[in-house]
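A.B. asks: Given next are the chains, with one letter for each unit.
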Amino acid sequence: MADGNGILVIGEMAGNEPASTTLEALAAGLSLLASLPGEKLSVVLAGASTAAAAQVAIAHGAQTAYTIEDASLADPAPEAVVAAAQEAVRQASPRIVLGSKTILGRDVLPRLAFRLGTALAQDCTAVAIDDAKRLLATRPVYGGNAVATVACVSDIAVAALRAKSIDAGEPDSSRTGEVVALSVDLASAVRVRPVDRVEQTAEGIRLEDARVVISGGRGLGGPEPFKELGKLAALLGGAVGASRAACDAGWVPSSYQVGLTGKTVTPELYIAVGISGASQHMAGCSNSRTIVAINKDAGANIFKDARFGVAGDWQKVLPAFMEQLQELLG
Amino acid sequence: MTLKIVVTAKQVIDPETPTSAFGIDSNAVTVPSNQSPVINGFDEQAIEAALRLKEASGDAHITVVSVGSGFALDVIKKPLAMGADELILLDDPAFDNAIDPTVTVAALAAAIRKIGDVDVVLAGRQASDWDNAQVPIGVAEALGWPVATVAKKVDINGTTLRVERVLPDGHEVVEADLPAVVTVSNELGTPRYPNMRGIMAARRVQPTVWSAADLDLAIGSLSPAFELVSLSKPQSGVETEMITGDDDEDAGRKLAQRLRDERII
Ligand SMILES: Cc1cc2nc3c(=O)[nH]c(=O)nc-3n(C[C@H](O)[C@H](O)[C@H](O)COP(=O)(O)OP(=O)(O)OC[C@H]3O[C@@H](n4cnc5c(N)ncnc54)[C@H](O)[C@@H]3O)c2cc1C
Ligand SMILES: Nc1ncnc2c1ncn2[C@@H]1O[C@H](COP(=O)(O)O)[C@@H](O)[C@H]1O
Numbered sequence: 004m005a006d007g008n009g010i011l012v013i014g015e016m017a018g019n020e021p022a023s024t025t026l027e028a029l030a031a032g033l034s035l036l037a038s039l040p041g042e043k044l045s046v047v048l049a050g051a052s053t054a055a056a057a058q059v060a061i062a063h064g065a066q067t068a069y070t071i072e073d074a075s076l077a078d079p080a081p082e083a084v085v086a087a088a089q090e091a092v093r094q095a096s097p098r099i100v101l102g103s104k105t106i107l108g109r110d111v112l113p114r115l116a117f118r119l120g121t122a123l124a125q126d127c128t129a130v131a132i133d134d135a136k137r138l139l140a141t142r143p144v145y146g147g148n149a150v151a152t153v154a155c156v157s158d159i160a161v162a163a164l165r166a167k168s169i170d171a172g173e174p175d176s177s178r179t180g181e182v183v184a185l186s187v188d189l190a191s192a193v194r195v196r197p198v199d200r201v202e203q204t205a206e207g208i209r210l211e212d213a214r215v216v217i218s219g220g221r222g223l224g225g226p227e228p229f230k231e232l233g234k235l236a237a238l239l240g241g242a243v244g245a246s247r248a249a250c251d252a253g254w255v256p257s258s259y260q261v262g263l264t265g266k267t268v269t270p271e272l273y274i275a276v277g278i279s280g281a282s283q284h285m286a287g288c289s290n291s292r293t294i295v296a297i298n299k300d301a302g303a304n305i306f307k308d309a310r311f312g313v314a315g316d317w318q319k320v321l322p323a324f325m326e327q328l329q330e331l332l333g
Numbered sequence: 731m732t733l734k735i736v737v738t739a740k741q742v743i744d745p746e747t748p749t750s751a752f753g754i755d756s757n758a759v760t761v762p763s764n765q766s767p768v769i770n771g772f773d774e775q776a777i778e779a780a781l782r783l784k785e786a787s788g789d790a791h792i793t794v795v796s797v798g799s800g801f802a803l804d805v806i807k808k809p810l811a812m813g814a815d816e817l818i819l820l821d822d823p824a825f826d827n828a829i830d831p832t833v834t835v836a837a838l839a840a841a842i843r844k845i846g847d848v849d850v851v852l853a854g855r856q857a858s859d860w861d862n863a864q865v866p867i868g869v870a871e872a873l874g875w876p877v878a879t880v881a882k883k884v885d886i887n888g889t890t891l892r893v894e895r896v897l898p899d900g901h902e903v904v905e906a907d908l909p910a911v912v913t914v915s916n917e918l919g920t921p922r923y924p925n926m927r928g929i930m931a932a933r934r935v936q937p938t939v940w941s942a943a944d945l946d947l948a949i950g951s952l953s954p955a956f957e958l959v960s961l962s963k964p965q966s967g968v969e970t971e972m973i974t975g976d977d978d979e980d981a982g983r984k985l986a987q988r989l990r991d992e993r994i995i
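For the protein sequence lines, the chains are A and B, in the order given.
If you're matching positions, the first sequence starts at 4 in the working numbering and goes up one per residue.
If you're matching positions, the second sequence starts at 731 in the working numbering and goes up one per residue.
Calculated from the structure, these hints are not laboratory results.
No experiment lies behind these values; they were computed from the predicted model shown.
A hint or two may mislead.
[Unchecked claim] Distance condition first, Cα-Cα at most 27 Å in a straight line; then the derived DSS-like pairs of lysine-lysine:
#1 A:K234 with B:K984
#2 A:K299 with B:K882
#3 B:K984 with A:K307
#4 B:K882 with B:K963
#5 B:K984 with A:K230
#6 A:K266 with B:K883
#7 A:K307 with B:K882
#8 A:K319 with B:K784
#9 A:K266 with B:K882
#10 B:K963 with A:K266
#11 B:K963 with A:K167
#12 A:K167 with A:K136
Just chain A, with the same shape it has in the complex (with noise of 0.2 Å):
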């Protein structure tokens, strides 16, 4: 790998700040830093405003913020954040790019890193240096069934973390460093336009924030039980998650899935109802802090993630839950 002006983040906006997972990247790069002593960490950040998000990306360890700003970044095409991110990379000639693999940076970071002459090391769950100075990336493969360690060995790396899985560090307010705005034809860059959008967002807590998270699967049997997980999660203040295959089957809208190719959800409560952990459904949830599960077989992987379980029919277990709980928090 050639010698490197160090690492820079491809940053998302969350209203007019850094989203949390740009500073969970910015986190990692840190950490990286101390193996690249000398080097230094960059940001960029596109957005129709974003001086505040750069400050605040600087409190959080970046040494320069490259800006873009434009009303049409407000709610970004990928191509457009490409071309920002290109322009960045030209400036800035780092060694390693990280980005975040959410709905944004899946579209941005395979285009980008092929645009550089490489592929990208997707979905890390962590990051590291090795003697060589190159990158090793760790990632979960085969739907989560193992866990691959590469190293990048071309002339730069591209790197796309998994959300929640790095802590994003505190922010110091003592840190300084410089905005360099740049200039980029956004326009020309976009060829596929957006021509219209159609929210379904759920009422009450949103899954992805959620502190309690009820989640059915296949073992529901149908719709009409995800009113009773409704109701628990009210209970709990949480909200109500599903298996793909509960997904799939039109039970409940995607945006309830829970996994590889849904929601990535954190809360401190995961109960999982007649899912079988599959682990491409454990790749969204394992991360929460008490996983609970009901299955009614023994031998159902998710046991094996749970901290937790109940062997037994849903039907009957759950009811009893519900009103022992009523009966606990009064």
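Fit chain B with the ligands to the known structure of chain A by using the hints.
C.D. replies: Then chain B with the ligands, alone, in the frame of chain A:
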């Protein structure tokens, strides 16, 4: 004008294989030899999307392209049984690369150029081996085409592609000019089962086979992005406490009490 569709399809280990049956041998993931491979699930959805496009347009030709070596013919012919018109296997020991998309991307892009006049490439959103979700994007970049990812619906009107993309909370409609690449997700719906006539017809079709040389690909000149350092089985550090009772109801009540005692709720 015939709409020329290419679908990329990969032969993979069946992802429904029980976790306990997965093993690791000389830095490769293994399953027992009696476990038949499958076509990557999202690729079957891409084939379904292609068949729907063919039905809608009335005049379309579907070519399925797969890269690898050591294909299981009965498995990889399934798209033909579903209704695809042609199968091209990019079969070469040099294509047998599990960890790096570079070679696969180059082979697919070369094949699409060789087929010629392709209007749209449909791929799966990710392959259930390395869950990379990047080969189709690489192909689009190599060809200089736009790519719309994670589609639940694909329509073509003249030379305009219209795709409904799945978002975490809803969906987005995007348009692009053909030629273009689309990656398809499970929200498209269940792929059709091959019928008897399809299965019989597929039996008679011999796939076209192209090697790296047939594609004028100098594999040695492609620089890989990755080197595998290690492969292992994941560790689960959780100690599970099974809650039992006189019956299921009792176990449910005890579970609530236990969670309360632990101050989890
Ligand atoms: C590339 C890829 C990506 C994927 N992404 C995801 C993803 O993001 N999220 C996801 O969830 N899946 C995903 N999957 C699918 C995953 O592999 C499983 O097929 C899916 O999670 C199974 O859902 P399930 O547990 O609800 O169904 P099943 O595996 O069928 O399990 C149903 C369970 O219910 C139990 N049960 C039945 N009746 C009762 C009863 N009365 N009481 C109690 N228990 C009962 C059964 O014992 C069984 O364990 C993906 C697959 C692939 C290949
Ligand atoms: N070896 C291959 N042969 C054919 N298609 C492939 C191959 N590898 C990847 N693809 C296509 O690219 C999609 C995404 O794969 P990946 O980037 O490996 O996750 C798959 O769903 C296939 O449609």
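A.B. asks: Each hint should be assessed against the structure and marked as holding or not.
C.D. replies: Status of each hint after checking the structure:
Of the pairs offered as hints, the one joining K234 of chain A and K984 of chain B holds, with about 19 Å between alpha carbons and a cut-off of 27 Å not exceeded. Restraint check for K299 of chain A and K882 of chain B: not satisfied, since their Cα atoms lie roughly 33 Å apart, outside the 27 Å limit. Taking the CA atoms of K984 of chain B and K307 of chain A, the gap is near 20 Å; set against the 27 Å cutoff, the hint holds. With a C-alpha separation of about 33 Å, the suggested pairing of K882 of chain B with K963 of chain B is violated against the 27 Å cut-off.
At roughly 23 Å between alpha-carbon atoms, K984 of chain B and K230 of chain A fall within 27 Å of each other, so this suggested pair holds. Restraint check for K266 of chain A and K883 of chain B: satisfied, since their Cα atoms lie roughly 21 Å apart, inside the 27 Å limit. Of the supplied pair hints, the one linking K307 of chain A and K882 of chain B is violated, its CA atoms being roughly 33 Å apart against a limit of 27 Å. Between K319 of chain A and K784 of chain B, the direct Cα distance comes to roughly 49 Å. Violation of the 27 Å bound is thereby established for this hinted pair.
Note on K266 of chain A and K882 of chain B: the hinted pairing holds, with a Cα-Cα distance of about 17 Å set against a maximum of 27 Å. Distance restraint check for K963 of chain B and K266 of chain A: the Cα-Cα separation of roughly 23 Å lies within the 27 Å cut-off, and the hinted pair is therefore satisfied. The hinted pair formed by K963 of chain B and K167 of chain A meets the criterion: a straight-line CA distance of about 21 Å does not exceed 27 Å. Taking the CA atoms of K167 of chain A and K136 of chain A, the gap is about 25 Å. The hint holds against a cut of 27 Å.
When the structure is compared with the earlier hints, violations turn up for hints 2, 4, 7, 8 and for no others.
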